[in-house]
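Heads up: the protein sequence lines correspond to chains A and B, in order. According to our numbering, the stretch in the first sequence is residues -13 to 243, in order. According to our numbering, the stretch in the second sequence is residues 48 to 374, in order.
Mixed in with the good hints, there may be bad ones.
What the hints assert, rightly or not - Label pairs and their calculated CB-CB ranges:
#1 B:Ile56 with A:Gly56: 49 to 55 Å
#2 B:Leu149 with A:Arg113: 31 to 37 Å
#3 A:Gly106 with B:Val71: 42 to 48 Å
Calculated directly from the structure, the hints in this document are not laboratory data. Just so you know, even glycine gets a beta-carbon here, dropped at the ideal spot from N, CA and C.
Listed below are the residues making up each chain.
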Amino acid sequence: MGAILTVQGLTRFFGGLAAVTDLSFEVQSGEILSLIGPNGAGKTTVFNLITGTLLPSRGKVLFQGHEITGSRPYESIALGIARTFQTTSLFYDETVADNLIVGFRCRTRMGLWDAVLQTGRCREDERRCRQKAEEILDFIGLGERASELARNIPQESQKRLAIALALITEPKLLLLDEPMGGLTEEENIGMMAVIQKVRARGISILLIEHKMKIVMNISDRIVVINYGEKIAEGPPQEVGNNSAVIEAYLGAGYAKT
Amino acid sequence: MNRRVGKWITLAIVVIAIIIPQVVTNKYYMNILIMSGIWSIVALSLNLILGYTGQVNLAHGAFFGIGAYASALMMLKLNMNFWLALPLAAAVAGVFGFLIGLPALRTRGSYFAIGTLCFNIIVTLIVDRWEGLTEGARGLMGIPGAASIPLPWGGEIVFKTMASQYYLVLFFLVLTIFVLRRIMQSLVGRTFRAIRGNEELAEAVGIHAMRAKLLSFTVSCFFAGVGGVLYASYIGFLSPEITDYHVSFDALIYVMIGGIGTIVGPIIGTLLFVTIPETLQVAAEFRLLLYGLILIVMIIYLPRGIVGWVKDLRGRKRKQEAVWGQS
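Turn these sequences into a full structure, and let the hints steer you where they fit.
Right, here's the structure in full:
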């Protein structure tokens, strides 16, 4: 086991406003860790800081023991950190299969000359991409929609595709930003199965989710943040009974004394 | 379109393109065809960065002009052979593209468009004022045409007649199509399309967006340079206007009207816009007015150009057939 991701004293200011303050936590290898907190608590900012979309004002991010603070998104992907976005982000004008094929580009090496001269490496990389896309399509259960445009498939399928697109980059750690947002009760259960299947592949998961029932059900541990600061951390039952957490979510009057 | 049908159509077009000079002997029409060929190369190259990579480059006239001037200067001042000047001058255009791309491609959307437009204006100004090098407004005259190619078994290919000039341009047009097609159908092309679709997501799946955009831009400028070289040696005269942003907008219109993000689109657009005003003899001022009007109408009603429109029609028909098939 051991930590796959370590966040130490992470801080980020937007102007004078602290979006994330001195945040530290670890994702253990193979676990599902949920990051929860009220709207605007800074959860997505934490994702952006980990993947390198944003630079931290202070603090460190370590992946498998190596510091990766401030690395660019394509560098984090190469190391094995993939993410999805809160608003489902896809290449909407491409087919489902094409969405995935380009997702494996980061694991191929062919360049301009390979393309122009149609070298063996060009054909080999092309073949690997298609093969990988097929495998991931089967895994995520979108095989039958392969040739449809991403914008034409149902919302739930789009959410699956977004996860597939992160998975095809062969991550060791997957950051999921509200994968169940806007899904029905029934679809939630399907998505939960998907997440558990991903974990079964040996991929660690850092999850942002608002639906508490699911968070309580699926997480090994939970980190709660409010106004960019960590207010609680622990297994689901423990966090659910934490008075600071109840106060943050429901207001001071509801906290058990 | 059925793939086999497509192949036959392509073959038919190539055969027609080869036969044309044997049938058309009128110098005036041959001139229009040669110019269409040169501008098609420029439009196709613009389409790589504009249509496939989604970056609105308004400096294509400058890169066309840089290629043209570079080759003319190499041939006039350094006595360089045309066949050496051609790749070198195109490379100069490519290098300029790379250097301008480094800062300009950091910006997105309209900022990139404005940045490149400014660059274009600067290039034209420099070409106009640096008389010691470019002869300024007087222009460069007497630029040599394509040098003849000696054949190993004696004799040589000479580029004196209109037909031979036409074949020269046709060769480079086919080469441009061939190279750009291979790029666009490869994983490299997929990364360009991904950036056009959603740059943030492209980065999130591990694409080095800056590097990919820079590559696309450099290749695009290189082929604009090829077009410039062909133009310079065909016309034999260059003046600063040929680097002007009007050229950029012309190329932009050819791509937009023909069909952005397709291979045939820019060629169709170029053929239409080079041929029709010539045959209708529309005065230059009205021509620009007309361009503006057509562009507005097209963007409102056919945003994906003629080729995009035909594709949509085909798609709709197929969908209807599918519905009928089920009932």
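Here is how each hint holds up against the structure:
| no. | hint | verdict |
| --- | --- | --- |
| 1 | B:Ile56 with A:Gly56: 49 to 55 Å | holds, 53 Å |
| 2 | B:Leu149 with A:Arg113: 31 to 37 Å | holds, 34 Å |
| 3 | A:Gly106 with B:Val71: 42 to 48 Å | holds, 43 Å |
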